[in-house]
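Number of protein chains: 2
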Amino acid sequence: MSAPNTLTATEIARRIDSGKLTAEAVVRAHLERIDKRDSDVLAWTHLARDAALERARVLDRGPRQGLLHGVPMGVKDIIDSYDQPTGYGSPIYGTHQPLADAATVALAKHAGAILLGKTVTTEFANRHPGKTRNPHNPAHTPGGSSSGSAAAVADWQVVLATGTQTGGSVIRPAAFCGVYGYKPSFGHFPVAGMKANTEWLDTIGAYARSLEDLALFRAALMAIPHRPIEKVDLPRIAVCFTPHKDEMQPEGIAAIEEAATKLAKAGAKVTEFEMPREMFEMRDGQRLLSAFEGPRAAADEAHRFFDLLSKSFQEDKIAAGRKLDYAAWVEARKLGERGRAAVDATFTDIDAILTAPAPGEAPLGLERTGNATFNLLWTYLWMPCVTLPYGRGPQGLPVGIQLVGQQHEDARLLDIAGWVQGALR
Amino acid sequence: MSAPNTLTATEIARRIDSGKLTAEAVVRAHLERIDKRDSDVLAWTHLARDAALERARVLDRGPRQGLLHGVPMGVKDIIDSYDQPTGYGSPIYGTHQPLADAATVALAKHAGAILLGKTVTTEFANRHPGKTRNPHNPAHTPGGSSSGSAAAVADWQVVLATGTQTGGSVIRPAAFCGVYGYKPSFGHFPVAGMKANTEWLDTIGAYARSLEDLALFRAALMAIPHRPIEKVDLPRIAVCFTPHKDEMQPEGIAAIEEAATKLAKAGAKVTEFEMPREMFEMRDGQRLLSAFEGPRAAADEAHRFFDLLSKSFQEDKIAAGRKLDYAAWVEARKLGERGRAAVDATFTDIDAILTAPAPGEAPLGLERTGNATFNLLWTYLWMPCVTLPYGRGPQGLPVGIQLVGQQHEDARLLDIAGWVQGALR
Numbered sequence: 247m248s249a250p251n252t253l254t255a256t257e258i259a260r261r262i263d264s265g266k267l268t269a270e271a272v273v274r275a276h277l278e279r280i281d282k283r284d285s286d287v288l289a290w291t292h293l294a295r296d297a298a299l300e301r302a303r304v305l306d307r308g309p310r311q312g313l314l315h316g317v318p319m320g321v322k323d324i325i326d327s328y329d330q331p332t333g334y335g336s337p338i339y340g341t342h343q344p345l346a347d348a349a350t351v352a353l354a355k356h357a358g359a360i361l362l363g364k365t366v367t368t369e370f371a372n373r374h375p376g377k378t379r380n381p382h383n384p385a386h387t388p389g390g391s392s393s394g395s396a397a398a399v400a401d402w403q404v405v406l407a408t409g410t411q412t413g414g415s416v417i418r419p420a421a422f423c424g425v426y427g428y429k430p431s432f433g434h435f436p437v438a439g440m441k442a443n444t445e446w447l448d449t450i451g452a453y454a455r456s457l458e459d460l461a462l463f464r465a466a467l468m469a470i471p472h473r474p475i476e477k478v479d480l481p482r483i484a485v486c487f488t489p490h491k492d493e494m495q496p497e498g499i500a501a502i503e504e505a506a507t508k509l510a511k512a513g514a515k516v517t518e519f520e521m522p523r524e525m526f527e528m529r530d531g532q533r534l535l536s537a538f539e540g541p542r543a544a545a546d547e548a549h550r551f552f553d554l555l556s557k558s559f560q561e562d563k564i565a566a567g568r569k570l571d572y573a574a575w576v577e578a579r580k581l582g583e584r585g586r587a588a589v590d591a592t593f594t595d596i597d598a599i600l601t602a603p604a605p606g607e608a609p610l611g612l613e614r615t616g617n618a619t620f621n622l623l624w625t626y627l628w629m630p631c632v633t634l635p636y637g638r639g640p641q642g643l644p645v646g647i648q649l650v651g652q653q654h655e656d657a658r659l660l661d662i663a664g665w666v667q668g669a670l671r
Numbered sequence: 247m248s249a250p251n252t253l254t255a256t257e258i259a260r261r262i263d264s265g266k267l268t269a270e271a272v273v274r275a276h277l278e279r280i281d282k283r284d285s286d287v288l289a290w291t292h293l294a295r296d297a298a299l300e301r302a303r304v305l306d307r308g309p310r311q312g313l314l315h316g317v318p319m320g321v322k323d324i325i326d327s328y329d330q331p332t333g334y335g336s337p338i339y340g341t342h343q344p345l346a347d348a349a350t351v352a353l354a355k356h357a358g359a360i361l362l363g364k365t366v367t368t369e370f371a372n373r374h375p376g377k378t379r380n381p382h383n384p385a386h387t388p389g390g391s392s393s394g395s396a397a398a399v400a401d402w403q404v405v406l407a408t409g410t411q412t413g414g415s416v417i418r419p420a421a422f423c424g425v426y427g428y429k430p431s432f433g434h435f436p437v438a439g440m441k442a443n444t445e446w447l448d449t450i451g452a453y454a455r456s457l458e459d460l461a462l463f464r465a466a467l468m469a470i471p472h473r474p475i476e477k478v479d480l481p482r483i484a485v486c487f488t489p490h491k492d493e494m495q496p497e498g499i500a501a502i503e504e505a506a507t508k509l510a511k512a513g514a515k516v517t518e519f520e521m522p523r524e525m526f527e528m529r530d531g532q533r534l535l536s537a538f539e540g541p542r543a544a545a546d547e548a549h550r551f552f553d554l555l556s557k558s559f560q561e562d563k564i565a566a567g568r569k570l571d572y573a574a575w576v577e578a579r580k581l582g583e584r585g586r587a588a589v590d591a592t593f594t595d596i597d598a599i600l601t602a603p604a605p606g607e608a609p610l611g612l613e614r615t616g617n618a619t620f621n622l623l624w625t626y627l628w629m630p631c632v633t634l635p636y637g638r639g640p641q642g643l644p645v646g647i648q649l650v651g652q653q654h655e656d657a658r659l660l661d662i663a664g665w666v667q668g669a670l671r
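The listed protein sequences derive, respectively, from chains A and B. Just so you know, we're using the numbering used here here: the first sequence kicks off at 247 and counts up by one. Just so you know, we're using the numbering used here here: the second sequence kicks off at 247 and counts up by one.
Simulated from the structure, these hints should not be mistaken for lab results. Check the hints yourself; a few may be wrong.
For chains that are exact copies, the list does not tell them apart, and a pair is met inside one copy or across any two.
Listed below are the simulated EDC-like cross-link pairs for lysine to aspartate or glutamate, each with C-alpha atoms no more than 20 angstroms apart in a straight line [to be verified]:
no.: 1; residue 1: 580; residue 2: 655
no.: 2; residue 1: 282; residue 2: 270
no.: 3; residue 1: 266; residue 2: 306
no.: 4; residue 1: 491; residue 2: 518
no.: 5; residue 1: 377; residue 2: 286
no.: 6; residue 1: 491; residue 2: 504
no.: 7; residue 1: 580; residue 2: 590
no.: 8; residue 1: 508; residue 2: 497
In isolation and in its complexed conformation, chain A is listed as follows (with noise of 0.2 angstroms):
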C-alpha cells in the first residue's frame, strides 16, 4: 500500500517538505478513503472536504507552516472548532459553532495540519456511545470516549486525531481499534477549549499509526521543539495486571505475558510490579472523583436539558453525583496526590509499567464502550501512558498492550515504547 492516506504523517510531512507530494493529493487520497468506507465506520460528525482541500492547495502554494504541513488531522468533537460544527455528543449542543478554536487544534492548525474534520464522541466524552463502529468489525464498538477518532486513524480515513481520557478514553479505543494511542501527563497538552468532563482527571490525547508520529504530534500539540524517538538502553519493565485481572480476557493476558517474554529475552530487566499499597483503592477514587463533577461540571446542561441528556448520564452522572459527599471528594482527591508520591518513588527500580490497556478484544455490541478498569488507575494517578498494538485475538480483533511512564516523562515512555516494539517485533 502507497496511497498517502496510508502513509503515516512523518512520512507525509516529509515527502510534501521534499516536493514529492502535494498536501492536495494527501487530503484526496484521505477523502477518497472515507467516501468507500465512511458508510460502514461513522467517524465523522463532521467532514471539511471542501475547506480541507482548498486549506490544502493554499498550503501547497505556501511556505512550510511547521511540523504537520498538509497532515489531516481529525479532532473528538468534544474539542471546540471555530471553522466547524462542535456538538459535544449531545443533541443539546447539535451543530453549535463556537467562535474559537480549542489550543490544541489552533496549534495543530499553525504546524500546518489540516483539520479534515470531527470524530463522533460519546456523549459529552462519557459513556452513552455516538455510532462508530469497529473498522475491523461494524459489531463491536470501537471503545469509546474517543470513539471516532480511533476507528478513523484506523481505518486509514485520517492520519492523526486527538482525543481526550478522563478514565479510559484514549487508550482503550487505541486497544480495541488497532492503533498507537498516547495520553500524557496530566495538563501537558491545554485543555483550554474542551468541553469538561472532570477537570480533576480530563487530558486530551492522541491517535496515530507510528510511535514517530506520536512524538511529531505530540511536539505540535505542545508548541515545543520535535524531538524523534531517541534509542534508550535495555529498560527495566514491571508487568502489572492490577487488582482486577480477574476481569481481563485471556487474549488480553496472554497479550502481557508473551510480551513480557519476549522483552525479557530482549534484554529488558523484567519484573513484577510491586504496587504500592495506596494504589489498591485507585479505580474507586477515579470513579468518585469523576461523578462528583457530574452535577456540577454539567450544571446547565442538568439545570436547562435534563431530557436531553441520556439515561445513563441522567443516572450515572448527575443523580450518582449529587449523591457524593463533599468530604469523601476531598479524601478521593488527597488519596490521589498520595498514590501519585508512592508511584513515583517507584521509578526509581523501574522505567515503565507494562500493563492492560483493556481486557481484550473489543466486545461484541454498539450499546457499550467496554471496561474501562484497566486505565482508571493511570489517569488518576496523572502518568503518560501509549497503548501499542499487539496482535489479533480469537475473533480476529485487535489487542494492544499499555506502557505506563513516570508522571512528566513523556519522551522518555515514547522511547521506551521504540524499544518495546523493536523488540516485539
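Fit chain B to the supplied structure of chain A, relying on the hints for placement.
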C-alpha cells in the same frame, strides 16, 4: 443604612424567606444604586435590568429555590453566561453570547441567585486593564483582574460576585476595594465555562461583604450543604511577610503588625512563619507556568487576532511564553508539588498564615492593576486565601490583610477568619 442593597446576602435570603422582603425590591434597590454610581465606578460590561427584574418576580411567585433565593449576583466577564454577553475583556469577543452557562453561573442560578450582570475583567484576566475605577477614589485602580466584581460589591451595587485568580486577581482587588475576597483551594469551584488563562493555577473565587456570605456563596457554588461559620478554639497564626517585604507600603506592613499584636492579645498563638526552603523561588514558578501557557491556551487568539491583543498581552504572554523552555515548565510544576508538600507539613504547628493581600492601598492610576507579588506564592501552592478589610491607609483608601489556610481546609479557614475578625474589632 437599611436599603436592601446594603444588606448581606445572608440577610437578604433570610428576609425573603420569611416574607419580609421581595426579590424584586432587592433587585430594584441595586439597580438604583447602579444608576446613581456606575458612571463613576464603571464596574459592568453588561447589565440585565429587565431580565433580572423579571427573574425576581418569578422567584417571588414561586417556592424557595435554594440558598441564594433572590440574591443578586455579578459574574466576572471571563465566565460564560448563555443569557448575557461574554467578552473576556477583549475586543475579539465583543458581545459574544455562549450557548451555555459556566458551571458556577448555573449552580448559583439554580440556588436562586439573580444574575444582575457581567462585571469588568482585564483582558483575558491578565494585566491589560478594563474601565473600572476604585469606588473609594476614581483616580485609583480597583485592582485586577476581577476589577468590576470587587468594585461593584464594594460600592453596594451587587451583594455577591465571582472572580478568578491565576496570580492575585481575587485577593488583591478585594483589599484595594475594601471587601471580603475568597480564593478557594485549587479546583474547588468548578471552572467549566471559564476562559482559561493558566490551567494549572486558574481558580474561581468570590466577593462578598461578610464572611458569612462567603460561606453561603461557597456552598452554592460547590453544590454542597451550607455550613455556617463555626466558632474555633484560639488559633495558631503564623505571620509571613514573604521574601518580598521590601515591595510593601508602610500601611500594608502596619496592618499586619497591628493585626498580629491584637490577635496575640486576644489569645492567638502568633509566631513568625518559618517558610520552607522550597517556597523561596515560588513567585518565579508561578510566573513561569503562566507565561509558558500564554501562547498555548490563547493559541487561537494569538494566531488569528494578534493585532486585537493588547501590547502587554502580545509581549508578556505570547512573546515571552514562546521563549520559555518545556523543561523549565516541567521543573516549575515539580517545584509546585514539592512546595505544596512542604507547606502542608507546616500546618501541624499552625492553623493559618497572616500575610499581605497587596502591598498596601490601591496605587494611583488606572493603567496598572497593582502588584501581585503577595499573591503568587499562595496561588501557586493551591492554598485557600481570604482577604479581610482592615481599615484605611494614608490616602483614605482601604487596606486589607490576608489569611491563608491549608489546602482543602477551606471551611476551617473561613472559621478562623471569623475568629480573627472578632478579635480585630
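Please write out, lowest number first, the hints stated earlier that are contradicted by the structure.
As far as the earlier hints go, not one is violated by this structure.
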